Each structure stands twice: as C-alpha cells, then as structure tokens.
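Produce the entire structure from the sequences given, and follow the hints as far as they go.
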Amino acid sequence: MLPINLLKTSTFRLAVLYLGLFAASAILLLAYVYWNTAGFLVRQTDEAVQAEITGLAEQYAQGGLPLLVHTVIQRSRDPGESLYLVLDPAGQVLAGNLDVRPNVQPGSDGWMDFIYSRRTLTGVELKAARARAFVLAEGFYLLVGRDVQERREIESLITSALIWAIALTVMLGLVGGLFMSRNMLARVDAINKSSKDIMGGDLSRRLPIAGTGDEIDQLGQNLNAMLDQIEALMIGMRQVTDNVAHDLRSPLNRMRNRLEVTLLQDMSPDEYRNVLECTITEADHLLTTFNALLMIARAEAGSLRESMTNVDASAIARDAAELYEPVAEESGFKIHVDVTDGLHVRGNRELLSQVLTNLIDNAIKHGRPADEAGPDNDLPVIEISVYLDVDGRVAMSVADNGPGIPEHQHTRVLERFVRLEASRNTPGSGLGLSLAAAVARLHGGRIDFSDNAPGLRARLTLPLVSA
Amino acid sequence: MRILVIEDDLEAAAYVVRGLRESGHIVDHASDGDEGLTLALSGPFDVLIVDRMLPKRDGLSVVSKLRAENIRTPVLFLSALGEVDDRIMGLKAGGDDYLTKPYAFAELLARIEVLVRRSNPEQVRTRLTVGDLEVDLLARKVTRGGQEIDLQPREFRLLEYMMKHAGQVVTRTMLLENVWEYHFDPQTNVIDVHISRLRAKIDKNFKQPLLHTIRGAGYSLRAAD
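For the protein sequence lines, the chains are A and B, in the order given.
Anchor point for the first sequence: position 131 equals 131 in the numbering used here, and the numbering is continuous, going up by one each time.
Anchor point for the second sequence: position 190 equals 190 in the numbering used here, and the numbering is continuous, going up by one each time.
Just so you know, the hints here were simulated from the structure itself, not pulled from any lab data.
Because the structure is a prediction, the values reported are computed rather than measured.
We put the beta carbon where it would ideally sit given N, CA and C, even for glycine.
Treat the hints with caution; some may be incorrect.
[As the list claims (entries may be wrong)] Derived contacts from chain A toward chain B, CB cut-off under 10 angstroms, selection only:
no. : residue
1   : V275
2   : E277
3   : A283
4   : T288
5   : M295
6   : D319
7   : Y324
8   : R349
9   : K365
10  : H366
11  : G432
[What the hints assert, rightly or not] Capping the alpha-carbon separation at 27 angstroms, the derived lysine-lysine pairs in DSSO-like fashion look like this:
no. : chain 1 : residue 1 : chain 2 : residue 2
12  : B       : K92       : B       : K56
13  : A       : K334      : B       : K204
14  : B       : K101      : B       : K141
15  : A       : K334      : B       : K201
16  : B       : K207      : B       : K164
17  : A       : K365      : A       : K334
Pasting the structure below:
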C-alpha cells in the first residue's frame with residue numbers, strides 16, 4: 001500500500017501526469033503499428049478475394065454458367081487458401097471446396113465472416129474464413145472466399161503483444177515514478193526536518209547538501225546562505241542592542257538626574273530655562289547617537305543596497321570639501337583639495353558624503369599639530385583627495401597633520417563607541433569611524449589608516465565603475 | 001492657516017496641535033487614515049500634516065487618494081522612517097515635504113510656512129529683491145544699494161534660497177537639503193559658518209542688517225519693517 005503522503009507529493013503527481021502522457025503516446029504509436037500489420041493482413045485477404053471475384057466475373061460474362069462452374073471446379077482442385085462454392089437454385093452443390101452454404105448474413109460491406117469445418121487426416125478441423133457471396137441469374141449461388149485461420153492467429157498474436165506492451169509501459173512508468181518520487185521526497189523530508197529544528201531556535205543548524213549540485217542542492221545552498229545572513233543579522237542586532245543599552249543608558253541617567261535635582265530646589269525662571277535648554281541639547285545628542293547606530297546597523301544589514309546608483313565620487317568629495325571649507329578655515333586649517341575628476345563608483349551619495357564629512361570632521365577635531373604653529377608658521381593642512389590607486393580602485397582620502405593614531409590602534413578605532421584616551425574630552429559619539437567602516441563594507445570597499453608623516457591619513461577605497 | 005494633523009500617536013498629536021495653535025493656526029486632528037481622508041476631502045485646509053504609519057489606511061494611501069481626487073493641498077509627511085528611499089516614496093505618493101521624527105517644533109513650523117507659500121506660486125521671477133538687496137537670477141548678479149557683491153557659486157545658491165523664502169524662517173536642515181542636497185546632519189554646524197560668510201558679504205558694510213539669526217530655529221532674510 002502507498003503511504004498517503006507519497007500520493008500527495010508533487011513529484012508523484014508529476015510522475016502520474018508524465019505517465020499519462022507517455023501511455024497516450026505509446027497507445028497512438030502501437031495503434032499505428034497495428035494498422036500496418038494486422039490491418040494490412042485483412043486488407044490483403046480482401047484484395048485477393050476481390051481479384052478472384054473479378055476473374056470469375058469475366059469467365060461468367062464470356063461463357064456463362066457452364067464456364068464459371070468449370071473454372072471453379074478446376075480451381076478447387078488446388079485451392080490453396082481460397083474457398084469456392086457454387087449452388088444450383090435448389091441448394092445442391094455444383095462445384096467448390098466447401099461442403100455447405102455458410103449460415104451467416106453478410107455484413108453491410110457485403111463480407112461474411114464465418115467458421116467452416118474441414119476434414120483432415122486426424123479428424124474435423126474448424127477454421128475461420130472470410131468471403132463474399134453472389135446470387136447469379138436463374139437463382140444460382142456463388143461464394144468466393146479465403147481461409148483466414150492463420151491470419152487470425154497472427155492478428156491475435158499481434159494484438160496481445162500490443163496489449164502487453166501497453167500494460168508494461170504503464171507498469172514501468174508507475175514504478176519508476178514512485179521510485180523517483182520517493183527518492184526526492186526523502187531529500188525534501190530531510191530539508192523540512194532541518195528547517196523545523198532551525199525554526200525551533202537552533203540557528204546554527206544548516207540544511208543537508210547531497211553534493212550532487214542539482215536543483216535541490218542549490219535550493220539547500222541558497223537557504224543556507226540565507227540562514228548565514230539571518231544569523232549575521234541577529235548577531236549584529238544583538239550587538240547594537242547591547243551597545244545601545246550600554247552607551248545610551250548613562251547619558252539618559254545623567255539627564256534624568258539633572259532634571260530630578262532641578263526639581264528639588266527652587267530656581268528662577270531663567271535658571272529653569274537654562275536647565276531645559278541643556279536637556280534639549282543633550283536629548284539631541286542622544287538622538288544623533290541613536291540615529292548613527294541605526295544607520296550603522298542598516299548599512300551592515302545591507303538593506304541600503306537597493307538605493308545604490310552610479311555616483312561621481314569626485315563630485316562627492318568636492319561637495320564635502322566645499323561644505324567644510326569655511327569651518328576648517330575658521331578653526332585654523334587650510335583645506336587642500338586634490339581630486340581626479342570623473343571617478344565613478346556604485347554607491348549611495350548620502351552615505352558616502354556622510355563618511356567623508358565624518359572623516360573631515362575628525363581631521364578638524366584631532367588634526368591640530370602637537371606644537372601649535374610650526375617653525376614656518378604655516379597653517380596645518382587637511383588634504384582631501386580622490387584618485388585611482390595602484391589596484392585600479394577609487395581611493396577617497398582625508399589626511400591631517402595631527403598626532404595621528406598609533407598603528408596598533410588602527411583597527412580598534414573602527415569599533416563602535418571606541419574613543420581613544422586622547423580624544424575623551426572632544427565632542428563626538430565615537431561612532432563616526434564605525435559608520436565609515438560599515439559603509440565601506442556595504443559598498444564592497446574598505447577603510448584603512450596610514451601615517452601621513454606627520455598626521456593621520458584615512459582612506460576609503462571602493463571599486464571603480466565606468467561613468 | 002487651517003491645518004489638518006493626521007497622527008495616531010495621541011501624545012505626539014497633542015503636542016503638535018498645541019504648538020500650532022499657539023502659533024496662531026486653526027488645527028483639526030484625525031487619529032486614523034480613514035478619518036483623516038474624510039476630513040481632508042470635506043474641508044478646505046491650507047496644509048496637511050500626515051504621519052506615514054496610520055491605522056486603517058496608511059499615510060501614503062491617504063495622500064495618493066487625495067491626489068487622485070485632484071485635491072492639491074500641500075502635504076508634509078511625518079515619519080519615523082528616514083531613509084532616502086522612504087523619503088522618495090513619500091514624495092512620489094504626492095507629498096510635498098518629508099520630516100523625519102524626531103524633529104524640532106521650529107523645524108516643523110518653518111516647513112509649513114514654506115509649503116503654504118509654495119502652493120500659491122507667483123509667476124517665475126528672474127529678479128528677487130529684499131530691501132535694497134537685489135539678485136538677478138539670469139545674470140547671476142547680486143547688488144545691494146547699487147553696489148555689486150561678488151559671491152561664490154554656493155553662496156549664490158544659498159542667497160537665492162533665502163531670497164525665495166524671504167520673511168520666512170529657514171532652518172539649517174532645510175538649507176542642507178535644498179542648497180547642498182544632503183539629508184543628514186553633519187556633526188559640526190557647518191551651515192552657521194557659511195551663513196556668517198554670506199552675512200559678511202551682504203550685510204557687513206551696510207547699516208541695515210538683512211540676514212537674521214532666529215534663536216533655536218534658523219535664519220531669516222528680511223528687511224526691517
């Protein structure tokens with residue numbers, strides 16, 4: 001008995017459908033074979049009889065009944081498979097090799113199929129025959145036919161062979177379909193089972209891969225890639241939550257304390273106003289941090305990838321430099337722009353601009369030389385450049401003349417909320433470089449630091465695309 | 001001005017409604033999309049403030065429906081979804097401006113003023129004047145009291161935007177969006193320095209200042225009344 005769920009599988013249904021189509025075409029094919037074999041035999045018999053009738057009709061027309069009887073008698077001596085019978089109006093046999101007039105009515109086409117008996121050495125044999133009969137003038141009766149016993153046997157042999165062929169086709173198709181279906185089903189079942197485990201909470205589980213590289217394997221591989229992505233997202237999400245909890249809690253607490261303390265004492269409206277304004281500033285700062293965290297999470301999750309278009313990195317750098325030039329000058333820096341024109345990348349203008357402005361912002365905050373006003377009294381320089389690097393990638397770099405970052409700290413500053421000891425007292429969330437790193441990854445690029453001798457050179461490298 | 005606020009967060013709505021009423025506007029409030037649509041279809045409003053995510057019918061659908069009914073009232077979307085794509089979707093649905101939560105009330109107020117002004121467009125002008133300051137948009141020439149002032153291209157765009165919204169409060173975010181086309185806030189207040197440079201060029205040698213700083217909100221370009 002078939003298990004119920006086997007009957008429900010799509011593979012089985014497909015197998016049955018194909019089987020149906022296959023059987024139908026097999027039947028058509030075999031019908032054609034039948035028509036060309038058994039059908040041919042019947043037609044040949046009919047044609048032979050017809051030829052003989054034509055011959056006898058000529059005799060009858062030439063010599064009348066006597067010649068006809070004579071010819072029949074002659075032919076009956078060596079009849080082969082032919083059968084003849086001539087009767088007079090009283091029903092007496094005049095000539096022929098049949099004993100009696102067959103007791104059947106001719107069909108609508110004039111042909112009679114009947115059984116006749118023939119004496120042989122061993123006894124009486126019943127044989128099949130096919131013939132046509134005519135009533136001649138004066139009530140004489142003529143029958144011309146052929147023994148078809150042998151042909152009938154061949155025909156029935158062919159027919160039964162064909163029926164067996166069809167039955168075998170259906171059987172083999174059914175068994176093959178079931179076997180295929182069961183085989184597939186086992187693999188799908190394995191995938192289903194693993195999926196259930198994964199849904200049950202075991203996110204590290206992966207679907208089984210048979211290694212055949214077929215569609216089911218590809219499905220498994222794709223689902224596994226999807227699971228990897230989900231797992232990475234979950235981990236990222238957990239990290240963000242942890243960081244938010246950790247780093248937003250203390251400023252929130254500070255804000256709450258300030259408000260609480262203010263409420264404890266009576267103050268002038270001006271003092272209240274002052275506290276409220278401080279609180280708004282602090283809330284804004286918190287929101288900025290929060291937005292930056294969300295932005296990093298979204299960049300890392302890759303959900304911003306759809307918003308990427310072909311953008312002009314050179315123009316992005318020029319715009320950012322232009323936006324910051326007055327601020328930099330006001331803070332005592334000189335901005336030096338060295339941009340190769342027309343370098344395009346695939347990306348999001350907003351994100352790339354944000355990264356660049358973060359880097360320029362950092363340069364303004366930390367790029368002051370330790371010995372303020374060097375010997376030649378030149379202003380410290382912030383150099384913003386875009387060029388094609390030796391690997392053919394677009395490099396966007398911001399360099400300053402500040403104290404730089406020691407090399408062993410280069411990767412650490414990319415982590416969230418990391419602020420080096422030296423910068424504890426400057427404003428900032430500690431997220432700018434993490435965002436830069438996340439955006440670089442999103443764009444298929446990277447961010448790195450090098451010594452600008454003196455100072456820090458931060459560089460974002462991205463794949464070049466044609467404009 | 002008559003303003004309709006469609007917002008399901010009752011506390012946020014109360015805050016917006018109160019602020020707008022205190023600024024002298026007549027304000028109606030709807031707390032879901034269907035109610036908001038009915039109100040917007042029934043009454044003449046000068047501005048609609050629509051939250052993106054609403055019960056029963058979301059903000060995008062409310063606005064598309066209104067636009068399909070050929071109602072052109074300016075719409076300002078409020079949303080916690082601040083990505084560039086979300087903004088573009090909002091504007092495509094027929095919104096005129098998009099403000100991401102959380103926002104400063106002054107920002108909301110300034111944007112409403114600009115929207116209402118925009119919906120009654122005067123014919124395109126090629127010459128803008130505020131007091132004795134004149135900007136010729138075709139010749140890209142700026143003069144004050146007959147004296148020509150030389151501006152950098154970006155300074156020109158900044159002044160052009162301020163002139164087009166003369167008398168209104170223009171926030172730093174609005175300037176970043178419209179003059180620099182950035183939808184994020186840089187950490188340093190870069191706009192202030194640009195403004196003070198512009199101010200040095202157009203105001204410094206003249207008795208009457210035109211470019212004013214509005215505390216806690218932004219800037220305004222206007223002649224003394």
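Now the hints, each set against the structure:
| no. | hint | verdict |
| --- | --- | --- |
| 1 | V275 | 15 angstroms, violated |
| 2 | E277 | 8 angstroms, holds |
| 3 | A283 | 8 angstroms, holds |
| 4 | T288 | 7 angstroms, holds |
| 5 | M295 | 8 angstroms, holds |
| 6 | D319 | 7 angstroms, holds |
| 7 | Y324 | 6 angstroms, holds |
| 8 | R349 | 8 angstroms, holds |
| 9 | K365 | 8 angstroms, holds |
| 10 | H366 | 13 angstroms, violated |
| 11 | G432 | 7 angstroms, holds |
| 12 | B:K92 - B:K56 | 21 angstroms, holds |
| 13 | A:K334 - B:K204 | 24 angstroms, holds |
| 14 | B:K101 - B:K141 | 39 angstroms, violated |
| 15 | A:K334 - B:K201 | 21 angstroms, holds |
| 16 | B:K207 - B:K164 | 23 angstroms, holds |
| 17 | A:K365 - A:K334 | 14 angstroms, holds |
The structure fails hints 1, 10 and 14 (numbered hints given earlier, in ascending order).
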